[in-house]
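Asker: With numbering that gives the first Met the number 0, you'll find the sequence shown wraps up at 93, consecutive numbering, no jumps.
Here are the in silico distance ranges between beta carbons for each label pair: (1) Ala83 to Ser42: 26 to 34 angstroms; (2) Gly68 to His4: 32 to 40 angstroms; (3) Pro66 to Arg5: 26 to 34 angstroms; (4) Ala30 to Arg84: 18 to 26 angstroms; (5) Arg67 to Asn2: 33 to 41 angstroms; (6) Gly69 to Asn2: 27 to 35 angstroms.
If you are wondering where the hints come from, they were derived from the structure by calculation, not from laboratory data.
From a predicted model like this one, the values you see are computed outputs, not experimental measurements.
Backbone N, C-alpha and C fix where the C-beta goes; we use that ideal spot for every residue, glycine too.
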Amino acid sequence: MTNDHRIAAELRQLFGVEAGVRLSAAAIAGALHARTVYANRVSAREAAFDLMWNYEARGLVDDCPGPRGGAGWSLSARGAALIARSTVAPDPVR
0 MTNDHRIAAE LRQLFGVEAG VRLSAAAIAG ALHARTVYAN RVSAREAAFD LMWNYEARGL
60 VDDCPGPRGG AGWSLSARGA ALIARSTVAP DPVR
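Using the sequences and the hints, build the whole thing.
Answerer: As structure tokens, this is what we get:
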């Protein structure tokens, strides 16, 4: 599994496949906290910000503050395209 496939799988797990779906920082931290017993809520929140800032720098997610100004991100068109490319099944080798 290449790095792009890992990133696409993580984005698909968090956001689904449609661009524009918004998740709050708390929702992303909750998803990261649910993955491992080694992450407490504080470290999961910090990991969520680090992960989303990394994906935002790559153009895979867009900054999307909530209605009251809370942190949040949405899947960008580039992120949705990465997911679409990774879900296309390769031709079987004969």
